[in-house]
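Asker: Using the sequences and the hints given, assemble the complete structure.
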Amino acid sequence: HGLFLGFWGNVRWGQTELETPGNRVGATLELPDGDLLVSVVTKLYLLRAGAEKAEVIASPPAEITGFTRIENTLWAITVDGDLYRTTVTPPFTFIQTSKLPGAVWPKLYNLAQTLIVASADGVRFGEQFRPVERTAGLRNPHLATTADGTLWLLGEQDGEQRLGRLRQT
56 HGLFLGFWGN VRWGQTELET PGNRVGATLE LPDGDLLVSV VTKLYLLRAG AEKAEVIASP
116 PAEITGFTRI ENTLWAITVD GDLYRTTVTP PFTFIQTSKL PGAVWPKLYN LAQTLIVASA
176 DGVRFGEQFR PVERTAGLRN PHLATTADGT LWLLGEQDGE QRLGRLRQT
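Okay, so the sequence shown: first residue is 56 according to the working numbering, each after it adds one.
Simulated from the structure, these hints should not be mistaken for laboratory data. Do not take every clue at face value.
[Unchecked claim] Derived Cβ-Cβ restraints for the label pairs, each shown as a range:
hint	residue 1	residue 2	range
1	185	144	20 to 30 Å
2	97	220	32 to 42 Å
3	96	197	18 to 28 Å
All figures in this text were calculated on a predicted structure; none of them were measured in a lab. Quick reminder that beta carbons are idealized off the backbone N, C-alpha and C, glycines included.
Answerer: Structure below.
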């Protein structure tokens with residue numbers, strides 16, 4: 056299917072460009088069958104492999120800022136910290152499971168089948184949002200996974216840029 060890029064009002068997926076009315080693409084996730092989930096403001100689109108248009112599907116009531124998949128569960132988090140889950144295959148029925156208080160643009164990641172949430176107050180893990188040691192007060196956190204599965208954390212803390220590796224203990 057190729058690489059995909061989110062633009063202002065559309066998504067380019069391989070050689071196909073699909074309109075996703077709205078302004079910005081907030082989060083994307085490739086599903087096991089090769090389809091894509093794309094959040095654009097408060098709408099959620101399903102882009103089917105080989106399709107020529109994006110299908111609007113039922114989604115949580117606020118803007119989704121992060122997706123991840125852990126086994127057969129699809130997780131989504133909204134701009135205000137509401138955590139939702141659904142099955143990884145359509146039809147999607149998002150059920151709210153918890154809320155991260157004070158969240159600002161949180162992002163979701165999967166580290167060894169563990170839910171990781173990064174937001175302005177640091178990094179947390181699991182549905183109960185347990186804090187990850189030494190990440191409190193981290194501003195503008197960004198997480199990235201390398202090909203070997205290592206999860207790297209970049210952010211600002213105590214006026215300094217920080218780079219760290221997250222691992223399970």
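Asker: Does each hint hold? Answer for all of them.
Answerer: Cross-check of the supplied hints:
no., hint, result
1, 185 <-> 144: 20 to 30 Å, "holds (29 Å)"
2, 97 <-> 220: 32 to 42 Å, "holds (34 Å)"
3, 96 <-> 197: 18 to 28 Å, "holds (21 Å)"
Hint check: no violations occur; every hint is consistent with the structure.
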